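Chain A is already provided as a structure; the job is to place chain B on it using the hints.
Residue numbers (my numbering), protein chains in the order written: chain A, 93 to 624; chain B, 93 to 624.
Be aware that a few hints might be false.
Copies of one chain are not kept apart here, so a pair can be met inside one copy or by any two copies together.
No more than 20 Å apart at the CA atoms, straight line, and that leaves these computed lysine to aspartate or glutamate pairs for EDC-like [what the hints assert, rightly or not]: (1) K333 - E263; (2) K475 - E533; (3) K428 - D621; (4) K589 - E112; (5) K475 - D523; (6) K568 - E300; (7) K512 - E228; (8) K273 - E136; (9) K358 - E608; (10) K145 - E607; (11) K358 - E605; (12) K355 - D603; (13) K428 - D603; (14) K355 - E608; (15) K512 - D306; (16) K356 - D155.
For the record, the hints were derived by calculation from the structure and aren't laboratory data. Just so you know, these numbers come straight off a predicted model, no measurement behind them.
2 protein chains.
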Amino acid sequence: MSFQVEHKMSGDSVSIPLREGHRRSDEKAPYFAEERPGWKGYIEWENYPDKQKEAQEILAKYDFAKPPEYQLEPLPKTNPILEGVRWKQYHAALGPTLRDLPKISWEYVQKEKSPDMIHVLDFPYNGEPPKDRVIEHAITPNPLFFVRNHGGIPKINADDWTLNISGLVREPKRLTLADLKDESKFSRVSNIVSLQCSGTRRIEQIHEYPGDGDELINAPWGEGAIGTARWSGVSLKKVIKYCGGLKDGAGHLEFFGADTYFKKGKVYNYVVSIPWRKVKVHEAILAWEMNGEPLPRIHGYPVRVVVFGYIGARSVKWVYKINAIENPSMAPVQSKEYLYYTPQIGKQNATYSGGFSIQDMPVSSAIMNPIDQQQIIHDGTIKLKGWAYSGGGHWPVRVEVSGDGGSIWYEVDHKKMSDKYFYAWRLWEIDLPVDAEGWLEFCVRCWDNALNTQPTYVRSAWNWDLHVTSSCHRIKIYSINRSRRATAERLKFLEEKGMSITPITQPFPFDLETEEHYLEEVAIRGGRDPVE
Amino acid sequence: MSFQVEHKMSGDSVSIPLREGHRRSDEKAPYFAEERPGWKGYIEWENYPDKQKEAQEILAKYDFAKPPEYQLEPLPKTNPILEGVRWKQYHAALGPTLRDLPKISWEYVQKEKSPDMIHVLDFPYNGEPPKDRVIEHAITPNPLFFVRNHGGIPKINADDWTLNISGLVREPKRLTLADLKDESKFSRVSNIVSLQCSGTRRIEQIHEYPGDGDELINAPWGEGAIGTARWSGVSLKKVIKYCGGLKDGAGHLEFFGADTYFKKGKVYNYVVSIPWRKVKVHEAILAWEMNGEPLPRIHGYPVRVVVFGYIGARSVKWVYKINAIENPSMAPVQSKEYLYYTPQIGKQNATYSGGFSIQDMPVSSAIMNPIDQQQIIHDGTIKLKGWAYSGGGHWPVRVEVSGDGGSIWYEVDHKKMSDKYFYAWRLWEIDLPVDAEGWLEFCVRCWDNALNTQPTYVRSAWNWDLHVTSSCHRIKIYSINRSRRATAERLKFLEEKGMSITPITQPFPFDLETEEHYLEEVAIRGGRDPVE
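Just chain A, with the same shape it has in the complex (with noise of 0.2 Å):
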């Protein structure tokens, strides 16, 4: 797929209608101001429930854009992909503090992320490498790597960053970054760990069967909404001690991040929650460097959460607090969404507790070169590469080709394979022999070390939230082999007369063989109907 860019700048001239009987004059202009000093744009909601219904009841006077028909209808091929004028919208309804969020995010992704990369929301900003860009390292460089982003950036100095601890917590705190950074305190770690949205690889799901288009935030992704890279700071569970642990009954991590989530009408902060489980084993930690650099605005600095093997969604950006909680969290990021339906559910009769909710990564992986659709002209071996992971505290052993759809496997040699971490990716790539021509079907599958592998296909396992499209990646290949002598003549004939062979939908303007050549060759078959 090839991308035009064109890219209207984000939060410029964005109008609203109204509903019908709302008049404009009628409103005060709304105002919410900044939460903090050194903070911009991070208003604080989950506080104030009357803040929270003040804007709510704003939302409810305007009539936004509706969410694009992009699944039953081609994506646009533009870059970014979507734009997200509906998340425009909700930001300037709600006045000076947040209506300039989307111009100032679009300027993070230009100074932070490769200009290379496709843009699939324009607004919050979601993003992904290009397929062979996404390979190109074992560990991700930072202008590389994916970004999901469900609102705005905030902009949060270091210096006035904090960080409470509440909730069931024996002793509730506030920490600065000097707390965390001070090692007499908290000793410092360093995992490399990959971070995968569960909606990589969804343009597979949406290409069969469309699904919940959730406002839009549900982006088509490709295979590249995974990275790895080596994240540093404390171990949460460190944190938690330091506040003297856990009260009884505590189960649940709640974190907040300082981005603006809308849902539905309503406004919230970013809020999820992890087990404490998770927490005890240290597969989670707050981090504030990123391959050893700062972490990126984009990517939330100054600290964010980063939970191992999990669903990426968990890993709180620009997180302020920390609750401890008995159950997992109500907020709406948790309960209501990154749900796993079964095939029979969807809008008719989905319910957020009838899908369970989606925290451990599967096995999974993708064949990022050759892409799907390409032509390819090779002497008896097409060399595929890609990517292969497992999450949940598991990690890639085997990864397996088959040129034939998944009938014949060809394991990839472990030679071939980047290095084995408890908590990431594996890189692998294959010398893969291919004698066939013609449209052949390529696909990839993982094994972990608990033996897990992937759904066959795609409706193997699809599901009304579009999430986890951990089926075998499949990608549509046109074998042209040169080691075949008639193949080699006829490219032979096109080098000589200047020509491409590709792409194949364009006809030759020659004939494919010469009128002897055919009647001799009809003649050897017996003609073209029996003689009696």
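Positioned in the frame of chain A, the structure of chain B alone reads:
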């Protein structure tokens, strides 16, 4: 699929850039005269190699538009879907006799065809009715009969029409329409016969795997390139007998159509052939009536060939000459097109002799209602309708439908199938029990009287020239079963709110359950996580 009606008038202001080294002032205006009085748009090429050569030289001077990329890219949502710029340019390049044919042909479309036709290709005109209307009548009304033309539509006065019978016949003759209609010479025959383009359902092959662009004329047909009519005329066998029968060695009859055909820079009349053994059993007629009316211009007025059970391409329109020959015709449409390849054959190795020539049409079928991606609210039963056909002297005996992608099959009640004919399709309908919800794959297969049935998947029979998509026809349906409690409740709730459940991709503005219901249900499930 929906289409915008947006038609640029054919034949207006076609301009063609000259190749380098050619100047417009160098040229004498090409002029290829009409061949006969009372015939407009007919140039005789086959008798005049010099004229063919001159046309070839003229065509070589131009840089014609490249065929559009419509296989590796999504099809335009316009009607006509494709325009045929290159073919309009070919006609314009050869001067006044052909220049206006795109415009004239389009006038016949407007006059003779139903206004709701889907114009698959503007010029040469190729069109099919909307899916529902394909199966509105067991005998297709003339305005709804699909059209698959290979060139412009010649206008021939019936009184000026003649047919030359030549080649390996004992007494070559020139016959008029009055001769054919003289029942003292030829008994009248009338048969109900389906004609099917071998490109029917080609779009399914294109969607899975692109193939031969073939300068565009390989139009992206849906399921509507099939129709059934009562054709009346005379048996071709009687006409050949009237010419004294065939000489020794004659095995095939070559049909010449008055339309001009372009192929790889050369120019021809439309010429194909069928074997004598097909004629001998009265399976080829010369017809001047279609459903009791004179042939429409667009369907071959005044006289066309109708070959029973064969690919439509052999039923030559505007036939002006029949030539008895020893072997199948070497004309390009017969020897270089309508070939069926094995999936490993493609642009890199295809030869004409390596494909087999499509004459008999195999058993095939299609679901015409509902349509792909439809979202259907039902009470446990969904009505499916469609057509089933088998060529080659066979007829549909049984139709089976599956609601689960081809695991469980339901037989269509024979009382729900239209009448049986030796040479025609049967329409069918079935009330299929559907319990499941969400995305389901419906498919159909037909069994003919020789126990032939259809390949399972498109990929089972994909072929480079994209002909004969006869695999089980599959559509994806989103099932919303109102006889299930949860679904009924949600539909009632939506009805009370005056809201629609479709399109399913548009999110609801309200929560899917109350917080109380959520907590209750999660508790019944033992919480999100185990307790110990």
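Taking the hints in turn, this is what the structure says about them:
no., hint, verdict
1, K333 - E263, "within (9 Å within a copy, 109 Å between copies)"
2, K475 - E533, "within (14 Å within a copy, 34 Å between copies)"
3, K428 - D621, "between (66 Å within a copy, 16 Å between copies)"
4, K589 - E112, "between (67 Å within a copy, 17 Å between copies)"
5, K475 - D523, "within (4 Å within a copy, 50 Å between copies)"
6, K568 - E300, "both (15 Å within a copy, 9 Å between copies)"
7, K512 - E228, "within (17 Å within a copy, 63 Å between copies)"
8, K273 - E136, "neither (25 Å within a copy, 91 Å between copies)"
9, K358 - E608, "between (76 Å within a copy, 19 Å between copies)"
10, K145 - E607, "between (81 Å within a copy, 18 Å between copies)"
11, K358 - E605, "between (69 Å within a copy, 16 Å between copies)"
12, K355 - D603, "between (61 Å within a copy, 9 Å between copies)"
13, K428 - D603, "between (61 Å within a copy, 9 Å between copies)"
14, K355 - E608, "between (71 Å within a copy, 19 Å between copies)"
15, K512 - D306, "neither (36 Å within a copy, 50 Å between copies)"
16, K356 - D155, "within (13 Å within a copy, 56 Å between copies)"
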